[in-house]
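Now for the letters of each chain:
There are 2 protein chains.
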Amino acid sequence: MIAKSMVKYVEGSSVTRAMFEEGKKLAAKYGAENVFDFSLGNPSTPPPESVKKALSDILNETEPGRLHGYMNNSGHEDVREAVAQSLNKRFGTAFSQKNILMTVGAAGGLNVILKTLADPGDEIIAFAPYFGEYNNYVANFGGKMVVVAPDILSFQPDIEEFGKKITAKTKAVIINTPNNPTGVVYSEDTIKKIAEVLYNKQEEYGTQIYIISDEPYRELVYDGVKVPYITKYYKNTIVGYSYSKSLSLPGERIGYLVIPDEADGFENLLCAANVANRILGFVNAPSIMQLAVARCLEETTDISVYDTNRKLLYNKLVSYGFECVKPEGAFYLWVKALEDDDISFVNKAKEFNLLLVPGSSFMCPGYVRIAYCVDTDMIKRSFVQFEKLAKCYN
Amino acid sequence: MIAKSMVKYVEGSSVTRAMFEEGKKLAAKYGAENVFDFSLGNPSTPPPESVKKALSDILNETEPGRLHGYMNNSGHEDVREAVAQSLNKRFGTAFSQKNILMTVGAAGGLNVILKTLADPGDEIIAFAPYFGEYNNYVANFGGKMVVVAPDILSFQPDIEEFGKKITAKTKAVIINTPNNPTGVVYSEDTIKKIAEVLYNKQEEYGTQIYIISDEPYRELVYDGVKVPYITKYYKNTIVGYSYSKSLSLPGERIGYLVIPDEADGFENLLCAANVANRILGFVNAPSIMQLAVARCLEETTDISVYDTNRKLLYNKLVSYGFECVKPEGAFYLWVKALEDDDISFVNKAKEFNLLLVPGSSFMCPGYVRIAYCVDTDMIKRSFVQFEKLAKCYN
Numbered sequence: 010m011i012a013k014s015m016v017k018y019v020e021g022s023s024v025t026r027a028m029f030e031e032g033k034k035l036a037a038k039y040g041a042e043n044v045f046d047f048s049l050g051n052p053s054t055p056p057p058e059s060v061k062k063a064l065s066d067i068l069n070e071t072e073p074g075r076l077h078g079y080m081n082n083s084g085h086e087d088v089r090e091a092v093a094q095s096l097n098k099r100f101g102t103a104f105s106q107k108n109i110l111m112t113v114g115a116a117g118g119l120n121v122i123l124k125t126l127a128d129p130g131d132e133i134i135a136f137a138p139y140f141g142e143y144n145n146y147v148a149n150f151g152g153k154m155v156v157v158a159p160d161i162l163s164f165q166p167d168i169e170e171f172g173k174k175i176t177a178k179t180k181a182v183i184i185n186t187p188n189n190p191t192g193v194v195y196s197e198d199t200i201k202k203i204a205e206v207l208y209n210k211q212e213e214y215g216t217q218i219y220i221i222s223d224e225p226y227r228e229l230v231y232d233g234v235k236v237p238y239i240t241k242y243y244k245n246t247i248v249g250y251s252y253s254k255s256l257s258l259p260g261e262r263i264g265y266l267v268i269p270d271e272a273d274g275f276e277n278l279l280c281a282a283n284v285a286n287r288i289l290g291f292v293n294a295p296s297i298m299q300l301a302v303a304r305c306l307e308e309t310t311d312i313s314v315y316d317t318n319r320k321l322l323y324n325k326l327v328s329y330g331f332e333c334v335k336p337e338g339a340f341y342l343w344v345k346a347l348e349d350d351d352i353s354f355v356n357k358a359k360e361f362n363l364l365l366v367p368g369s370s371f372m373c374p375g376y377v378r379i380a381y382c383v384d385t386d387m388i389k390r391s392f393v394q395f396e397k398l399a400k401c402y403n
Numbered sequence: 010m011i012a013k014s015m016v017k018y019v020e021g022s023s024v025t026r027a028m029f030e031e032g033k034k035l036a037a038k039y040g041a042e043n044v045f046d047f048s049l050g051n052p053s054t055p056p057p058e059s060v061k062k063a064l065s066d067i068l069n070e071t072e073p074g075r076l077h078g079y080m081n082n083s084g085h086e087d088v089r090e091a092v093a094q095s096l097n098k099r100f101g102t103a104f105s106q107k108n109i110l111m112t113v114g115a116a117g118g119l120n121v122i123l124k125t126l127a128d129p130g131d132e133i134i135a136f137a138p139y140f141g142e143y144n145n146y147v148a149n150f151g152g153k154m155v156v157v158a159p160d161i162l163s164f165q166p167d168i169e170e171f172g173k174k175i176t177a178k179t180k181a182v183i184i185n186t187p188n189n190p191t192g193v194v195y196s197e198d199t200i201k202k203i204a205e206v207l208y209n210k211q212e213e214y215g216t217q218i219y220i221i222s223d224e225p226y227r228e229l230v231y232d233g234v235k236v237p238y239i240t241k242y243y244k245n246t247i248v249g250y251s252y253s254k255s256l257s258l259p260g261e262r263i264g265y266l267v268i269p270d271e272a273d274g275f276e277n278l279l280c281a282a283n284v285a286n287r288i289l290g291f292v293n294a295p296s297i298m299q300l301a302v303a304r305c306l307e308e309t310t311d312i313s314v315y316d317t318n319r320k321l322l323y324n325k326l327v328s329y330g331f332e333c334v335k336p337e338g339a340f341y342l343w344v345k346a347l348e349d350d351d352i353s354f355v356n357k358a359k360e361f362n363l364l365l366v367p368g369s370s371f372m373c374p375g376y377v378r379i380a381y382c383v384d385t386d387m388i389k390r391s392f393v394q395f396e397k398l399a400k401c402y403n
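Taken in order, these protein sequences are the chains called A and B.
If you read the first sequence in this note's numbering, its first letter stands for residue 10, the second for the next number, and so on.
If you read the second sequence in this note's numbering, its first letter stands for residue 10, the second for the next number, and so on.
Rather than coming from a laboratory, the hints here were simulated on the basis of the structure.
Keep in mind that the hints are not guaranteed to be accurate.
Since the list gives no way to pick out one identical chain from another, each pair is judged satisfied if it fits inside one copy or across any two copies.
Stated by the list, open to error - Heads up, simulated SDA-like pairs for lysine to any residue below, C-alpha to C-alpha not over 25 Å straight-line: (1) Lys241 x Asp198; (2) Lys107 x Gly32; (3) Lys61 x Thr71; (4) Lys389 x Asp232; (5) Lys345 x Ser14; (6) Lys34 x Pro55.
Here the structure is a predicted model, which is why all the values come from computation and not from measurement.
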């Protein structure tokens, strides 16, 4: 009855549902406070107070036609201009409203730009480990996902393998820094090397290859680390942003794309992305949330909570003998499984009421992701369980 | 640089932009009050006051995790239950929350259900004239659009031709009543005949053929006309709804799909639609608007304004000798062009500062669409121009 292309998703869904049901069973058996769910990237901190104030003020100040009506498919022009100016101020860029397209979250933005760029058979590169949903987004347009294997020491992209994976059919490279699932921030050196490889390959093949920079975690960084703004290093860069994490608004689906003037084919990209936003059924980003985020552009949720969680979890897990990548951003800890099979390891962890996500879901078996966007108290209560888990393998 | 599949859209966009620029030029030359833009289906009436109150109350009453956080991809369960109960009360159906999937407007909903149902090469039928965007939605999934020519007397679907167009590859039929662009409401007799044809063809081919009922105009009806609830006549019906018109919220992108229990493959449809909502990049319908519409389910914008406009425009145009379909719903008047070529007629109308949409855009040349979701005063001021336009052809 359903499309053949959807059958595998329905099968996959039942696995997820089974996991979810199992979590509920564990909670019923042991008490919710004794089950430690580290599986979801769902922000645990509330939006800053300014979001509520913005929404309330907007409701009272804005005439209904502007507040809830249609606008240009790319979004409210003053909102786009405000986003551009905020980027310029923070990153030394030179954007204006024409470079900004408001989107239904980053997921919407990525689909819009992939529809804009990719024909069936075009190749899209991503660096493992990466957010598994990219596979689905690329498949929506009949694109072919090409995976660069991880450098399992640094989890910075493997530049040499990257160069080898680029072909005449390569249309785009998705990068995600700060990274889900590793928490790694790509260094300026990494970005420069990626840009160099791409400039060379563009010349070699006489093609355009775009970086699609997926940046929902841009503001979630620790220890004063800087996240390079990619458009400054490579001109064919499209940025996809979301307020889901920075303002803790994941249910509202609000984000934007940046398409810089200097991108090859700028005018056509702009026009095609505007049309893609419409014909994919997004039409435009939700109006009231566009107006709200425009008033909170330099605000964030309380990131110090995530930093506390990060340090607590990293230090304890290392002390128990786990091999972890020290995260500089996002809200995930990337941990080497204590046996080769990460799925078997995740099942073992479940015996201790620890719910983790296998690295296989991120095209990187042998590891697990621990999401620390959770209550700090839950993290503290979980330590004894992680210690027992470690001891199983000693 | 852009995808080959997007080139035609970029070319089409420049035509739309040229029209828009021309409108602005006319306004600059003759004064905005002397240009009569009947081209856009953008609601001119404000949302009911209850929408503002709902949003304000929700902001004050709801904890941030529920207000702005992730929820099930299908939407808040209590919102879905409220939608289901409202439908049951109004239409005598028997839905519950599991039958409702909250979507990013009807455009989002249609894309979700097409992704759920259609593989490349599958055939989707629509009755001309129809909203041209359906072509794009079907193309998103590699589907083949099959057009049933209009019955140009009644603009009810031509049942005989419909039967002939169904093949073993027919996956779905999109219907839209009240109709954009004609304003026609399909009669109960029409719906029964469509259902009969489909049941017979399902048996003949051993296939499932779904009705996708696109219903953004369900509440916009006049003269007490009833719009049959399609799931009661044909069990393989999926309803796509939007609050864009009934609550004048087009910029907020909020609507829902109804997937009835009795639809063939119900469980798989439900699961696949939930996944499709996620992987197409919608993820979920905007949270705050889900909560808001749940509090305004039996409210509408002031539809009497559209009724006034409808009567004024229909009566005058008929008195000038135009041949019009008397609309029973939506906010469009469907008028026979006074020459064979509707595009040439639209250009002639432009000489009188009347901006109309050619029927060709709705797969039905020889007609034009006049959107009367505009200020009543503008309609009155436009009469002298319509009269001059008619006289051109006498």
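Right, here's what the structure says about each hint:
| no. | hint | result |
| --- | --- | --- |
| 1 | Lys241 x Asp198 | within (13 Å within a copy, 63 Å between copies) |
| 2 | Lys107 x Gly32 | between (46 Å within a copy, 21 Å between copies) |
| 3 | Lys61 x Thr71 | both (15 Å within a copy, 11 Å between copies) |
| 4 | Lys389 x Asp232 | within (22 Å within a copy, 66 Å between copies) |
| 5 | Lys345 x Ser14 | neither (33 Å within a copy, 43 Å between copies) |
| 6 | Lys34 x Pro55 | neither (28 Å within a copy, 48 Å between copies) |
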